[in-house]
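So the chains spell out like this:
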Amino acid sequence: AQSVTQLDSQVPVFEEAPVELRCNYSSSVSVYLFWYVQYPNQGLQLLLKYLSGSTLVKGINGFEAEFNKSQTSFHLRKPSVHISDTAEYFCAVSLYNQGGKLIFGQGTELSVKP
Amino acid sequence: DSGVTQTPKHLITATGQRVTLRCSPRSGDLSVYWYQQSLDQGLQFLIQYYNGEERAKGNILERFSAQQFPDLHSELNLSSLELGDSALYFCASTNIGGAYNEQFFGPGTRLTVL
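Chains as they are written, first to last, in my numbering: chain S, 1 to 114; chain U, 1 to 114.
Hints were generated in silico from the structure; no laboratory data involved.
Just so you know, these numbers come straight off a predicted model, no measurement behind them.
Think of the CB as a built atom: it goes at the ideal place given N, C-alpha and C, for glycine as much as any other residue.
Any given hint might turn out to be false.
Said to hold, decoys possible - Here are the in silico distance ranges between beta carbons for each label pair:
1) U:G28 x S:S54: 25 to 33 Å
2) S:I83 x U:N77: 18 to 26 Å
3) S:Q71 x U:H10: 36 to 44 Å
4) U:Q17 x S:P40: 23 to 31 Å
5) U:L83 x S:P40: 19 to 27 Å
6) S:Y96 x U:N77: 39 to 47 Å
7) S:P40 x U:Q41: 18 to 26 Å
8) U:L83 x S:P79: 42 to 50 Å
9) U:Y100 x S:Q10: 24 to 32 Å
Claimed, not checked - In silico lysine-lysine, DSBU-like type, Cα no more than 35 Å apart, as pairs:
10) S:K49 x S:K69
11) S:K69 x S:K113
12) S:K69 x U:K9
13) U:K9 x S:K113
14) S:K113 x U:K57
15) S:K58 x S:K113
16) U:K9 x S:K58
17) U:K57 x U:K9
18) S:K58 x S:K69
19) U:K57 x S:K69
20) S:K58 x U:K57
21) S:K113 x S:K49
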């Protein structure tokens, strides 16, 4: 069975500091990898995705993620966070041959403090 | 604004009742996904429709059903409601429902069962 594990449920960080949100996955078939962000009282919005090719993926709002096949990880990073980055972040996978349903991690609540 | 609309925004009802949640996908999108977000289960895939036909099923209870109409809007029907069905229900849409496609999420319907 496939699963996604986000290693930190909450990450507090000061404004302008760097941040890394960790994600590991387990799958017996090829997957595509996604990071979504959920701002309070809103739906999810795609930050970035990895389909193939370069393992470093750049997304919106200055975020980037690196795919590591040997460690089955897809960690999200930002070199300098803003107050407006406070939100819940979800790592997700979709399976190559299964129509696009997303399997989500439990989410990481990023709290940026001034 | 993702272009996906969901109604109603909030729904409060009693145990044993039946409700219908509605989703209108982005213009041109053929595939609709339903997800449930709860505190204990996180974000879970329920069901996918593509151009009116069911394509994939996840952890959807037998008391729940869905359909996609010719105009491509979708409805999720929840019956014999229990306290544990209280959750945020999201729909998402993509153009063709491939595993690599970005899913565009609606703002969700918050269901409270009393």
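Worksheet item: Which of the listed hints are not met by the structure?
Response: The structure breaks hints 2, 6, 12 and 14; every other hint is satisfied.
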